[in-house]
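Model the full structure from these sequences, guided by the hints.
If you want the building blocks of each chain, they are given just below.
Protein chains: 2
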Amino acid sequence: MKIKTDIAHFTSPLYLESGRILEPYDIAYETYGELNSDKSNAVLVCHALSGSHHAAGVYENDSKAGWWDGLIGSGKAIDTDRYCVICTNTLASCFGSSGPMSQNYPSEQPYRFKFPVVTIKDMIKAQKNFLATLGIYHLRAIVGGSMGGMQALQFAVDFPDFADDVIPLATTYATRPWTIAFNKVAMEAIRKDPRFQDGNYDKDAFKEEGLDGLAIGRVAGHISYLSPHSMDKKFGRNYVNNDGLFELFGRYEVERYMEYNTANFAKMFDPLSYLYIIKAINTFNLSRGYDSLYEAIVRIKASIHLISFKADYLFFPAEMEHIYKMMQRNKQKVSYHEIDSDYGHDAFLVEIDKFENIVREVLGE
Amino acid sequence: MKIKTDIAHFTSPLYLESGRILEPYDIAYETYGELNSDKSNAVLVCHALSGSHHAAGVYENDSKAGWWDGLIGSGKAIDTDRYCVICTNTLASCFGSSGPMSQNYPSEQPYRFKFPVVTIKDMIKAQKNFLATLGIYHLRAIVGGSMGGMQALQFAVDFPDFADDVIPLATTYATRPWTIAFNKVAMEAIRKDPRFQDGNYDKDAFKEEGLDGLAIGRVAGHISYLSPHSMDKKFGRNYVNNDGLFELFGRYEVERYMEYNTANFAKMFDPLSYLYIIKAINTFNLSRGYDSLYEAIVRIKASIHLISFKADYLFFPAEMEHIYKMMQRNKQKVSYHEIDSDYGHDAFLVEIDKFENIVREVLGE
Numbered sequence: 001m002k003i004k005t006d007i008a009h010f011t012s013p014l015y016l017e018s019g020r021i022l023e024p025y026d027i028a029y030e031t032y033g034e035l036n037s038d039k040s041n042a043v044l045v046c047h048a049l050s051g052s053h054h055a056a057g058v059y060e061n062d063s064k065a066g067w068w069d070g071l072i073g074s075g076k077a078i079d080t081d082r083y084c085v086i087c088t089n090t091l092a093s094c095f096g097s098s099g100p101m102s103q104n105y106p107s108e109q110p111y112r113f114k115f116p117v118v119t120i121k122d123m124i125k126a127q128k129n130f131l132a133t134l135g136i137y138h139l140r141a142i143v144g145g146s147m148g149g150m151q152a153l154q155f156a157v158d159f160p161d162f163a164d165d166v167i168p169l170a171t172t173y174a175t176r177p178w179t180i181a182f183n184k185v186a187m188e189a190i191r192k193d194p195r196f197q198d199g200n201y202d203k204d205a206f207k208e209e210g211l212d213g214l215a216i217g218r219v220a221g222h223i224s225y226l227s228p229h230s231m232d233k234k235f236g237r238n239y240v241n242n243d244g245l246f247e248l249f250g251r252y253e254v255e256r257y258m259e260y261n262t263a264n265f266a267k268m269f270d271p272l273s274y275l276y277i278i279k280a281i282n283t284f285n286l287s288r289g290y291d292s293l294y295e296a297i298v299r300i301k302a303s304i305h306l307i308s309f310k311a312d313y314l315f316f317p318a319e320m321e322h323i324y325k326m327m328q329r330n331k332q333k334v335s336y337h338e339i340d341s342d343y344g345h346d347a348f349l350v351e352i353d354k355f356e357n358i359v360r361e362v363l364g365e
Numbered sequence: 366m367k368i369k370t371d372i373a374h375f376t377s378p379l380y381l382e383s384g385r386i387l388e389p390y391d392i393a394y395e396t397y398g399e400l401n402s403d404k405s406n407a408v409l410v411c412h413a414l415s416g417s418h419h420a421a422g423v424y425e426n427d428s429k430a431g432w433w434d435g436l437i438g439s440g441k442a443i444d445t446d447r448y449c450v451i452c453t454n455t456l457a458s459c460f461g462s463s464g465p466m467s468q469n470y471p472s473e474q475p476y477r478f479k480f481p482v483v484t485i486k487d488m489i490k491a492q493k494n495f496l497a498t499l500g501i502y503h504l505r506a507i508v509g510g511s512m513g514g515m516q517a518l519q520f521a522v523d524f525p526d527f528a529d530d531v532i533p534l535a536t537t538y539a540t541r542p543w544t545i546a547f548n549k550v551a552m553e554a555i556r557k558d559p560r561f562q563d564g565n566y567d568k569d570a571f572k573e574e575g576l577d578g579l580a581i582g583r584v585a586g587h588i589s590y591l592s593p594h595s596m597d598k599k600f601g602r603n604y605v606n607n608d609g610l611f612e613l614f615g616r617y618e619v620e621r622y623m624e625y626n627t628a629n630f631a632k633m634f635d636p637l638s639y640l641y642i643i644k645a646i647n648t649f650n651l652s653r654g655y656d657s658l659y660e661a662i663v664r665i666k667a668s669i670h671l672i673s674f675k676a677d678y679l680f681f682p683a684e685m686e687h688i689y690k691m692m693q694r695n696k697q698k699v700s701y702h703e704i705d706s707d708y709g710h711d712a713f714l715v716e717i718d719k720f721e722n723i724v725r726e727v728l729g730e
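Protein chains in written order, with the numbering used here: chain A, 1 to 365; chain B, 366 to 730.
By construction, these hints were calculated from the structure, which means they are not laboratory data. Where a beta carbon is used, it is the ideal one built from N, C-alpha and C, also for glycine. Keep in mind that a hint or two might mislead.
Stated by the list, open to error - Computed spacing ranges between beta-carbons, pair by pair: (1) B:LYS632 / A:PRO13: 41 to 51 Å; (2) A:ASN61 / B:ASP707: 49 to 59 Å; (3) B:ASN722 / A:MET268: 32 to 42 Å; (4) A:TYR290 / B:ASP597: 19 to 29 Å; (5) A:ASP232 / B:GLN562: 30 to 40 Å; (6) B:ASP563 / A:MET268: 21 to 31 Å; (7) A:ASN261 / B:ALA570: 28 to 38 Å; (8) B:ASP707 / A:LYS114: 37 to 47 Å.
Now the structure itself:
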């Protein structure tokens, strides 16, 4: 299939959870598969912190497939022969949707810190508005991992009738201080990097050499995306060839991995967007706006299929099990699957073979 | 008891594991309790990454007690009425023993990056040399947590007859990539901080305002010293009063904790020392210098009493259990205690009441 990004422009205001207004705003998106005539075959896929709307397929003259290409496509678990799969870039991100480096209309300058704080609730509200432009007022399913799972759950709570099935993976009902602390590394490292210039950097400043602060923060991120076991397997205690054991900056393989991945990431991701998105993750709490977590959860009408990963050190399985037990007590439609994996949080991106059958079954019904 | 630090000066060379030589060198130390006439009541206590030789008691005109004051003292588990407790500042640290900011004799300049990489093996060799200056050639016991536990184990392997009992807490037999990755955050953040000046900072540069890079690295450290559960208990999802939920830099309590503690730490700890000590932790591997871990462990003649903490996310209980099982198979003298604690790695400093009875029993025999 031929893949391309489109951008939807909204001139009506988006009323944010903070009381502030975003106006105008853009939502970048991709679709895979055809929307049927009664528009009943739409599946929304939600991305994580560093992801984008490019969830599947390969762009022309490109080689890298979308981040969930193993799951989405013709004949795959989210089958584009049957479903029209839609993925939007979240608000505050840096791949085409409105974010802190977008134009703060009517000025010709980017918002930078004038961009309003957005929450997971705001992200899904914008997605819902976008779906309306396609004439979609009901989804067959919503699927997402990590921050994408937060969006999926928030959708199920805020708009109980909107989807038949919701599949949140590797996520939680409210971000714990453990995760906020990991994000704190990035927040401090970005803010304190002199090249960040308190947010007043040039738009192209980091294309050649990424912001160190973002790379440093991302090291902490990668720790939380892996697990002690997967690091043992991936790297062991192996030394990088030619790096001396007794050289102060001689490196272990795990250190080279961190250097390489974080340096590349810092060239392609905007540091202000990173700050805004980790803020959205930190403030995620399904119960906010409701009297309690119970009052939020009990609203859900969709069938929820919770998928956690045994060695997820960012959002622990017990957090999703908590949702499961609460819904079960309420006699709501819910299933819970703890995947036997020692990979860590990123298993939802990497070990698709371990959970695709669950997704296939939900969507095959 | 009156507490004071002494410094022992060594003019003979210390042959390091790297093949390099440290000469001359200093070892800062404190003792608590009296050495008996046959010098048979000495207990060595080994400190962790950020610790010092000030393990117990309170200095004159000071209020803060040593880092293990709850465990060491008159009538306490390590009873200074019976034992002469000795604690030395490790090589490469910044509290009086030789480290990268020590004078690179005969020049009048500090070593900085010319300081040789030191290992856990080197640290205990220097400690053994120091003990000889007190006429001590045998220890009643060696006790240490985290990096202190590495020293305790390395002592037991390298000098099998040196101690009767060895109590390593919250440690491992070889540092895993998981821990190396946490240390990588500090390594990158320190090196990339412009005020670090590639190690050429003034000695007093950070007294007023600590190095940001060290503070940032320390945030990652604190994550690994706590646990998801202890953070829930300590901080929950509480917001700092007056900090706005929808302000980008409005802070959760866990964030304030990180800011406060890491800023203070960066004022009192030397960043070059930090780099050298995390290198020593990274390179720790009991089997280095022996044919295998088995060949290292089987040398041990002391009774080993391994204490791990259930929710230690830095050195997991399974790592110490591995030593236990190996020694048990070899029919060596060993016991293993997994403390039921959800505090995290720092439980060895904080939850003394949960393991002091084990220490008391070993030393009461």
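Going down the list of hints, with the structure as the test:
1. B:LYS632 / A:PRO13: 41 to 51 Å: Cβ of LYS632 of chain B to Cβ of PRO13 of chain A: about 47 Å, so the range 41 to 51 Å holds.
2. A:ASN61 / B:ASP707: 49 to 59 Å: This hint holds: roughly 53 Å between Cβ atoms.
3. B:ASN722 / A:MET268: 32 to 42 Å: violated, 55 Å
4. A:TYR290 / B:ASP597: 19 to 29 Å: For TYR290 of chain A and ASP597 of chain B the Cβ distance comes to about 21 Å; the hint holds.
5. A:ASP232 / B:GLN562: 30 to 40 Å: holds, 36 Å
6. B:ASP563 / A:MET268: 21 to 31 Å: Between ASP563 of chain B and MET268 of chain A, where Cβ atoms are some 28 Å apart, the hint holds.
7. A:ASN261 / B:ALA570: 28 to 38 Å: Since ASN261 of chain A and ALA570 of chain B have Cβ atoms about 32 Å apart, the given range 28 to 38 Å holds.
8. B:ASP707 / A:LYS114: 37 to 47 Å: holds, 42 Å
Hint compliance for this structure: hint 3 is the single one not met.
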